[in-house]
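Novice: Here the structure of chain A is known, so what remains is to put chain B in place on it, guided by the hints.
Spelled out from the first residue to the last, the chains are:
Number of protein chains: 2
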Amino acid sequence: MKVIVIGATGTIGRAIVQAIGNRHEVIPVSFSKSMIRVDIADKTSIAKMFEKTGRVDAVISAAGLARFGPMGSLTDADFALGLQNKLMGQVNLVRLGIDQLTDNGSFTLTSGILSRNPMKGSTAISLVNSALEGFARAAALEMPRGIRINIVSPNWVIDTLKAFNMDPSIGTPVEVVAHAYVQALEGTMNGKVIDAIK
Amino acid sequence: MKVIVIGATGTIGRAIVQAIGNRHEVIPVSFSKSMIRVDIADKTSIAKMFEKTGRVDAVISAAGLARFGPMGSLTDADFALGLQNKLMGQVNLVRLGIDQLTDNGSFTLTSGILSRNPMKGSTAISLVNSALEGFARAAALEMPRGIRINIVSPNWVIDTLKAFNMDPSIGTPVEVVAHAYVQALEGTMNGKVIDAIK
Numbered sequence: 576m577k578v579i580v581i582g583a584t585g586t587i588g589r590a591i592v593q594a595i596g597n598r599h600e601v602i603p604v605s606f607s608k609s610m611i612r613v614d615i616a617d618k619t620s621i622a623k624m625f626e627k628t629g630r631v632d633a634v635i636s637a638a639g640l641a642r643f644g645p646m647g648s649l650t651d652a653d654f655a656l657g658l659q660n661k662l663m664g665q666v667n668l669v670r671l672g673i674d675q676l677t678d679n680g681s682f683t684l685t686s687g688i689l690s691r692n693p694m695k696g697s698t699a700i701s702l703v704n705s706a707l708e709g710f711a712r713a714a715a716l717e718m719p720r721g722i723r724i725n726i727v728s729p730n731w732v733i734d735t736l737k738a739f740n741m742d743p744s745i746g747t748p749v750e751v752v753a754h755a756y757v758q759a760l761e762g763t764m765n766g767k768v769i770d771a772i773k
Numbered sequence: 576m577k578v579i580v581i582g583a584t585g586t587i588g589r590a591i592v593q594a595i596g597n598r599h600e601v602i603p604v605s606f607s608k609s610m611i612r613v614d615i616a617d618k619t620s621i622a623k624m625f626e627k628t629g630r631v632d633a634v635i636s637a638a639g640l641a642r643f644g645p646m647g648s649l650t651d652a653d654f655a656l657g658l659q660n661k662l663m664g665q666v667n668l669v670r671l672g673i674d675q676l677t678d679n680g681s682f683t684l685t686s687g688i689l690s691r692n693p694m695k696g697s698t699a700i701s702l703v704n705s706a707l708e709g710f711a712r713a714a715a716l717e718m719p720r721g722i723r724i725n726i727v728s729p730n731w732v733i734d735t736l737k738a739f740n741m742d743p744s745i746g747t748p749v750e751v752v753a754h755a756y757v758q759a760l761e762g763t764m765n766g767k768v769i770d771a772i773k
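As you go down the protein sequences, you meet chains A and B in turn. According to the working numbering, the stretch in the first sequence is residues 576 to 773, in order. According to the working numbering, the stretch in the second sequence is residues 576 to 773, in order.
Source of the hints: derived by calculation from the structure; they are not laboratory data. Bear in mind that the values here come from a model prediction, so they are computed numbers and not experimental data. Hints are supplied without guarantee of correctness; some may be wrong.
Same chains, same label: a pair holds when it works inside one copy or across any pair of copies.
Capping the alpha-carbon separation at 20 Å, the derived lysine to aspartate or glutamate pairs in EDC-like fashion look like this [said to hold, decoys possible]: (1) Lys623 to Glu750; (2) Lys773 to Glu717; (3) Lys695 to Glu717; (4) Lys695 to Asp674; (5) Lys623 to Asp651; (6) Lys737 to Asp678.
The following block holds chain A by itself, in its conformation from the complex:
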């Protein structure tokens, strides 16, 4: 399959490329570090990306920004960032991408464990992650031509926890997280939220 991986140079994106690169034709896309670039917060940028890639069998998104911080210190702009970037960015990948997918193609988006296991400081991120899960469940009912859409809700990745000086023992190896994307890509599930926890 010809598969776009957006966020291909991030922690999770790199692991996805590694997991599927040996048996699929991967087109890596990122905000600044790949041959093909995209700013998912900008619909024009998404449209240009699809012009460059042409028709594909699958779009995997492991991209999107949202702001962590105490609710009282999050600004309107902080909430707007999550809505425009991680949330509507991925929603717009689907809205603009449907016509670019082959029959029986698939979308795999990314939310995150904070959707259902929040922590102090996660209001804006929990909001966005939950929104994405609700969107994916609903969008699955309307996909044409056998197209599927699923969403991976990754636990904290061990490497990310280490980078933030947090306890890595609560984390999940990035290879385990990447495997959830492989399941969504190569399986038959539709409208599923895939918890990538253990």
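Specialist: Below, chain B without anything else, positioned relative to chain A:
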């Protein structure tokens, strides 16, 4: 208790006012039909509402617009309406309302069954309702001074189904839905999504 009910003239809001009006001091608020009015999509309007109501013990919101329709026909503006009105409108009631609540006060927001039981045409609404549930769960961890926040996820109300010429047998009586708000207001729960289904 002194309780603001936003959306007080809507189907659910009226039933909430009826359910709690005999034992609490209710301040009914709506977009156009109450003495005190608010446009929840406008932060300035929310701030003015709180200036008029003064300090209260609880804020109940049964208000918010989001657009129903096939994903392919929903415009950017349709998605933005849900984000600005039902979603960030209710989030901003909380952000601006915290300082207006007495100690041990409470917020009760409204999502809807489409968050977890989507149907064709519900992508924008499912997104918004799920987002609100994620936000409420996370915000509950950060509430100061014993303040609680919960969210009611109402099933379709029988009267609403009748108004849309849909099968009323799948619906819930509005009094049952209103009771979920009473439980959130008078109980001790925090961070709960209350399914008002039966």
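Novice: At most 20 Å between CA atoms: does that hold for Lys695 and Glu717 within a copy, between copies, both, or neither?
Specialist: Answer is between; shortest inter-copy Cα gap is 6 Å, intra-copy 35 Å.
Novice: Since the copies are identical, ignore which copy is meant and state whether Lys773 and Glu717 lie within 20 Å (CA to CA) inside a copy, between copies, both or neither.
Specialist: This pair counts as neither: shortest intra-copy Cα distance 31 Å, inter-copy 28 Å.
Novice: At 20 Å max between alpha carbons, let me know whether Lys737 reaches Asp678 within a copy, between copies, both or neither.
Specialist: neither (41 Å within a copy, 38 Å between copies)
Novice: What label fits Lys623 with Glu750 when the C-alpha limit is 20 Å: within, between, both, or neither?
Specialist: neither (31 Å within a copy, 51 Å between copies)
Novice: With identical chains treated as interchangeable, where does the CA-CA distance between Lys623 and Asp651 reach 20 Å or less: within a copy, between copies, both, or neither?
Specialist: between (29 Å within a copy, 18 Å between copies)
Novice: How would you label the pair Lys695, Asp674 (within, between, both, or neither) given a Cα cut-off of 20 Å?
Specialist: between (40 Å within a copy, 19 Å between copies)
Checked against the numbered hints above, the structure breaks hints 1, 2, 6 and satisfies the rest.
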